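Engineer: Chains as they are written, first to last, in the numbering used here: chain A, 1 to 80; chain B, 81 to 160; chain C, 161 to 306; chain D, 307 to 452.
It should be emphasised that the hints constitute simulated quantities derived from the structure, not laboratory data. One should not assume that every hint holds.
Here are a few chain D residues that sit away from chain B, every Cβ distance over 10 Å (derived from the structure) [what the hints assert, rightly or not]:
#, residue
1, 308
2, 313
3, 314
4, 315
5, 323
6, 327
7, 328
8, 371
9, 378
10, 390
11, 393
12, 396
13, 434
Here chain C is said to cover these stretches of chain A; the calculated rule only asks that three of the stretch's residues, wherever they fall, bring their Cβ under 8 Å from a Cβ of chain C [unchecked claim]:
#, segment
14, 6-12
15, 54-64
Here the structure is a predicted model, which is why all the values come from computation and not from measurement. We put the beta carbon where it would ideally sit given N, CA and C, even for glycine.
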Amino acid sequence: MAKVTLLYFASLRDAAGASSETLETAAPDLSALYGEARSRHGFALPVERLRVAVDGAFARWEDAVRDGAEIAFIPPVSGG
Amino acid sequence: MAKVTLLYFASLRDAAGASSETLETAAPDLSALYGEARSRHGFALPVERLRVAVDGAFARWEDAVRDGAEIAFIPPVSGG
Amino acid sequence: MSRFRIADQPFDIAPLRARLLHERAGAFAAFEGWVRDHNEGRPVHGLRYEAYVELAEAEGERILGEALEKFGILDACAVHRVGDLAIGDLAVWVGASAAHRDAAFDACRWIIDEVKARVPIWKHERYADGHAGWLHPRQTTPSDAG
Amino acid sequence: MSRFRIADQPFDIAPLRARLLHERAGAFAAFEGWVRDHNEGRPVHGLRYEAYVELAEAEGERILGEALEKFGILDACAVHRVGDLAIGDLAVWVGASAAHRDAAFDACRWIIDEVKARVPIWKHERYADGHAGWLHPRQTTPSDAG
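Between the sequences and the hints, there should be enough to build the whole structure, so can you do that?
Structural biologist: Here it is in structure tokens:
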């Protein structure tokens, strides 16, 4: 089990009702971790439309979930 | 004969030693008028590299020389 | 000094332009994105931008570094607002200076396109009809917004 | 109010930008030409611009009118300096506002290209080696200057 902090932005934060949560997970990689969060909060966006960041840097969905990591799910951006 | 005022800019003014001159001419068109001025002042630029304006609006080299006109010979521009 | 910044308050553009002045620079191109009163035909009352600030500043910095390399420009910088914005407010500013205008224009255009595509900033629009929502475009196209 | 102006003194750009602000505008692109310290490898000490002011303002106005038509932009304006300028001085400013950034960028670029090609303004450069002369380029190419 890894203890991680998840950051939620924009529509994900609205759906989760929180901008972050800290939890323990057995998810083997970041993709599975998003799957867990998605079913728990009912996120509309599939993993294919998101990017993921770990500790402030973009990461890969197949990366393992590291204990103590701060993980951000990045919905499609709309700045500018 | 037509009495005209000629305006000179940039290198033409330097070569003519004047920014304008008023004179009488029998030149049939603006092209011939430039030819006269060119031989008088030794302008380096051939007519093909210039544009011509009459009374503040671009004109054609084949236009007749109108009495009382203010005629500007426009060397290649270099603004910007 | 960092070239990319997230601003949570209105910012002055004069100092941004001034820091790009350079004796070797003959050309300067700038882009500004303003909050406009409509989006895809719907009247807009106002909007909010939110960012993952830490990652947004890192990614923006990366974009500007890439632009210097790619276009051989002398310098460039950009600022993006977050928070509540009204119609006419400045949302994003980009400037690039170069010896010649080709590079300044191309770099400025490339930077705003990359910022819109890559930097974790999200727009929440409030419409005149009472609806509101986050914009999560399927793909950033050159004409999707300002 | 005219959209194109010849200025024989330094001019402020803030009011030029301000007059292009528009509720329907989501995008604004600007170009500035600055006097740089070299031209085609030769160190430049300063320069002078001279214009056939009457025709220059008429032709500049025509260019801006054509840009509005051609690119569907909301507004645009431009100012070109004449007189003696030092390194770093602002020589020309162009701004365009539009609903979207494609049109704003394209119009701004087209306007400066047309101004350089069509408006009767001439540049006289003084070089570090003591030489000086009028620039009468054979053809205006996109990279001939700022």
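Engineer: Take the hints in turn and mark each one as holding or not.
Structural biologist: Okay, the hints, checked on the actual structure:
1. For residue 308 (chain D), the condition that its CB be more than 10 Å from all CB atoms of chain B holds, with the nearest at approximately 15 Å.
2. The claim that residue 313 (chain D) lies off the interface holds: its Cβ sits roughly 12 Å from the closest Cβ of chain B, which is beyond the 10 Å cut-off.
3. For residue 314 (chain D), the condition that its CB be more than 10 Å from all CB atoms of chain B holds, with the nearest at approximately 14 Å.
4. At the 10 Å boundary, the C-beta of residue 315 (chain D) stays outside the reach of chain B, the nearest C-beta of that chain being 17 Å off.
5. For residue 323 (chain D), the condition that its CB be more than 10 Å from all CB atoms of chain B holds, with the nearest at approximately 19 Å.
6. The non-interface label for residue 327 (chain D) is consistent with chain B: the shortest C-beta to C-beta separation is roughly 25 Å, beyond 10 Å.
7. Every C-beta of chain B lies more than 10 Å from that of residue 328 (chain D), the closest at about 26 Å, which supports listing it as non-interface.
8. Distance check for residue 371 (chain D) against chain B: the nearest CB is about 15 Å away, which clears 10 Å, and the non-interface claim stands.
9. Look at residue 378 (chain D): its CB is around 24 Å from the nearest CB on chain B, clear of 10 Å, so calling it non-interface holds up.
10. No Cβ of chain B approaches the Cβ of residue 390 (chain D) within 10 Å, the least distance being about 15 Å, so the stated non-interface status holds.
11. At roughly 16 Å, the least C-beta separation between residue 393 (chain D) and chain B is larger than 10 Å, which holds for a residue marked as non-interface.
12. No beta-carbon of chain B is positioned within 10 Å of the beta-carbon of residue 396 (chain D); the least distance is around 12 Å.
13. Distance check on residue 434 (chain D): its Cβ is at least 19 Å (rounded) from any Cβ of chain B, clearing the 10 Å threshold; non-interface status holds.
14. Judged by the Cβ-Cβ criterion of 8 Å, the segment 6-12 of chain A is covered by chain C as claimed, because 4 of its residues qualify and three suffice.
15. Beta-carbon proximity to chain C at under 8 Å applies to 3 residues in the segment 54-64 of chain A; the threshold of 3 is reached and the given coverage holds.
The earlier numbered hints are all upheld by this structure, with none contradicted.
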